[in-house]
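*Asks:* Add chains B, C and D to chain A, keeping to what the hints say.
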Amino acid sequence: MENPYIPYPVRIDEIKTETEDKSLKTFKFVFLNPEDEEKFSYRAGQFAELSIPGIGEIPIGIASSPTEKGFVKFTIFKTGKVTSYLHSMKEGDIMGIRGPLGNWYPWETLEGKNVVIIGGGFAFTTLRSSIIYMLDPENRQKFKDIHVIYGARSPGMLLYKDELESWAARDDLNMHITVDSCDDPEWTHHTGFVPTVTEQEGPAGTEDTYAIVCGPPIMIKFTQPVLDKLGYSEDRIIMSLENRMKCGIGMCGRCNIGKEFVCKDGPVFTLQQLNQTPKEY
Amino acid sequence: MKVIRIDKNDWAEGIEKIRKTYSLIGPVKEKFYHIFANLGSGQMPDMEFTNSRISPKYIIYPQSEIILKCSMNAEEEDYKIYREPEDKEYKEKAVLGIRPCDADSLPVVMRNFDTDEYKDPYWLRAFETTTLVGLACDAPCPSCFCTSAGSGPYNHKNLDVMLIDNKDHYLAEIITEKGEKLAEAAGWQDKAEGIADEIAKRKSDAESKIESNVHTDNLAKQPLLDLYEATSIWEKAAFACINCGTCTYVCPTCWCFDIQDEVYGREGFRIRNWDSCMYPLFTLHASAHNPRGTKLARLRQRFMHKLKYYVDKYENGIQCTGCGRCVRLCPVNIDIRRICNMMNSYDPETCTCEATVS
Amino acid sequence: MKNLLEHMGIEPERLHFSWISSAESTKFVDVATKVTEAAKSLENKEKKFVKTKPKVA
Amino acid sequence: MKSYTDNIKEISKRLLKEDKVDMVIGYRTGSVPLMHQPFFAQNQEEVDEFVWDSNCGLNLANYITDRTERIGILATGCNSRNIAVHIVEGKIKREQLYIIGIPCKGMVDRHKLSAMADGDITSVEDENNGSITITGQNFSKTVDKAEVLQENCSVCVHRNPVIYDELAAEEVTEQKRDDVDPYARVKEIEALSPEEKWAHFDDLLSDCIRCYACRNACPLCYCPLCFVDESNPQWVGKSIDHTDVRTFHFLRAYHCAGRCTDCGACVRSCPVGINVRDFTKKLEKDCLELFDWEAGLNTEQRPPLDTYRPDDPEEFIK
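Residue numbers (the working numbering), protein chains in the order written: chain A, 1 to 281; chain B, 1 to 358; chain C, 1 to 57; chain D, 1 to 318.
The hints are simulated quantities; they were obtained by calculation from the structure and are not laboratory data.
Everything numeric in this text was worked out from a predicted model, so none of it was measured.
Where is the CB? At the ideal position from N, CA and C, for every residue including glycine.
Some clues are possibly wrong.
[As the list claims (entries may be wrong)] Only part of the chain A face toward chain B is listed, based on derived beta-carbon distances under 7 Å:
hint	residue
1	1
2	11
3	203
4	246
5	278
Same shape as in the complex, but just chain A:
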């Protein structure tokens, strides 16, 4: 019997501070046992429990893409007990990863379709995974137009800055970067909130267009009516939820929204599904 509670041991290979306030760091992990990497085979949109022995576990979306080999990456916001401890750890330290857990963005459904990715703040992690996945030379032709709308409070709070710029330079991806406010005259991208930019730049909702929305509750709240206006139907709006979790395998009972568990039946749901469940997220 496979024990789903035992984490794979990993070593912290690289730590990168992402934002100017140092509240977000990206951790690159390498598996101690190479065969574990194979067992940890994931899809973009899934998450894992990062396990620090003696401290605890924390569910985090996987920021690396399945097309990137040899490591896994997570971007972590410093907030509670486990994430604060994690932020104090160093390259070379040993910890654990348990997963991959949960479902993923519906890649089969999205094939042959236009995809609009809308993200805000530090909820951009599994969206990075998705973008890298879709831009992979083997995968790019599977999708039609790709739009990415990503916003943060200020330029210094944007994640993955180098990658953002390289995506913006590509012609097979429509990149719309925005910040809430900015006094830097050199700033070449948008200024304004994500819902507003979505209204201006987002493609119209058609039978063939799907939106993946991931961000803070306030952004989601104001983006929904915009998508509605653009003509997106509820089953073409895809969202990823977060709830307090412990087991990550649908057993410990805390993350449910109605009869679905965010950890096992989610975290990815369509708006249509969410409208049929209690709003306990």
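*Replies:* Okay, now just chains B, C and D, sitting in the frame of chain A:
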């Protein structure tokens, strides 16, 4: 089905025999009520009891259990690498005198711990190595409602052996292979013939003594969100609720847990503890947002889970076997029978329901 | 607090209160030595309120 | 005690009718014997569900913390003292409350009665003459109420409410501390050796399942985040390890020092019958002896442990 007659004079001798291969657990009167406890050498189960105050779920699923261990000593090989504790022993054990309602809770809980995708090794191993020697209920509590909750005082469906107290002897129904093995080990072989009618009569007598019931026929048909939004059900009950975890901890079918890390000296432990949906901390986000931040939301979660989400998810009845413990022990008298009947009779058109306890 | 701890069965010798200013280093040493000696001289060596391993299943 | 119930209903109906309060907090008959349910009435019909007898043992002050409505509330001696503590600690305003004082003759101990019964109790009759009749499937037993009172009630010296707007019955005669020794049990424990004391509390807490019913039934335990739930830093482990269990009980009791009115809600609510008062009663005794203090006797004075007086005892500092 094979039925064996066990003379009460031979009972103790049989128990001594099975003690060699099984560790024994049985009802013991402690302070002023019964609990299920390990029976020390020579100790006999006290079979003169109604039921244990707390459900015996902790036999399979301990309230606190070390699930993983690692070294916190950088010199050692398993430094910060969690593994199963090597001293976890799953010796064959036998539970003597468990009541049918408590045995019937096990498959209810198993649906959570044994799924297609994941299996909980601790619960399953403990379950597999346990033989359940049940005791049919001839004098149920006034607050028991097992017969309307998928169980019953003579329900042997989830037992390995069921004992029926018959004055100077027990009649023992041998239900499974596990039960057969235990009866053999005990040397209980005296077949009782021609007593099927008598057992059937005892069964219907016992069932007729269950005075209380719940109505569940309508639960599956009720629209989920209508029940969720039915303030008339939740508001008054939520007022009284003090959000303690009594109902969830005494319940045989509540399974929620928390996982905690602790470090002592140079050893790290990952411990699983029972948790309760009644506590605000259960769902609190690190951002301080709480999806079930109100007392009402938490109380609703408990009853919606037992009586609606579970019903819809598994299509196998309610997540309750009618043992009545939460009814008897809730400090503020929140009665699942009343809530269940309200949910069952709720009319979304008029937003009304019938609050009855019978 | 001291009363309640003693009520629960902590020996009076194990809990000690003193006013010591940050300048009174010698007093601190004296008190610390006295308290450790008092605790060590107790017949019962069992450590109370010290967890060495979680006593759970 | 029919007249108690009738008077309570009458007063409550009047208060709601005259729009003096938005709700009245009382009890309604429970669905099982010995267990009435805290209940709020907002109209005449709901008031008719009210009941008062010897099974109203929880503390209603628990239900007013941080509420903003105008509330009518029933209050016995101990309940009224906890309301006073709430007012002192700023958890409710005196002006919001209309206190219906209930001179109290004590609540019965559900654990004691269950232990006395020959089987399961199906009904309880609370006679006016001071006796209680319990009935079950094959038995019926009448006992003297004094014998089955909750221990805190039998040694209570504040049976009449200390603050109220109106009484629902004539005041009752108070018991004197010289006649009933409230601290007899504390003294018994004090007489034990440290080892015996330790063993006593080990045994006392051996069945604790950490359901927190004692804490949550307590009107003093209103902290939004209890120290046992705090994770950063984590003060107490969450398992049922006996060290953690004892830490929880002893620190919780300590947080109630000088505030506890010995209402007994903690003991009454405990599903496994732990006498949590073995901790709190000691603190109550100390507060009386060291500070001449009893909790909740007025709405002005703060409890001794959050005030400083130059003459505070300091014999423990050496």
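*Asks:* All the hints need checking, so say for each whether the structure fits it.
*Replies:* How the hints compare with the structure:
| no. | hint | verdict |
| --- | --- | --- |
| 1 | 1 | holds (5 Å) |
| 2 | 11 | violated (10 Å) |
| 3 | 203 | violated (32 Å) |
| 4 | 246 | holds (5 Å) |
| 5 | 278 | holds (5 Å) |
Hints 2 and 3, counting from the list given before, are not met by this structure.
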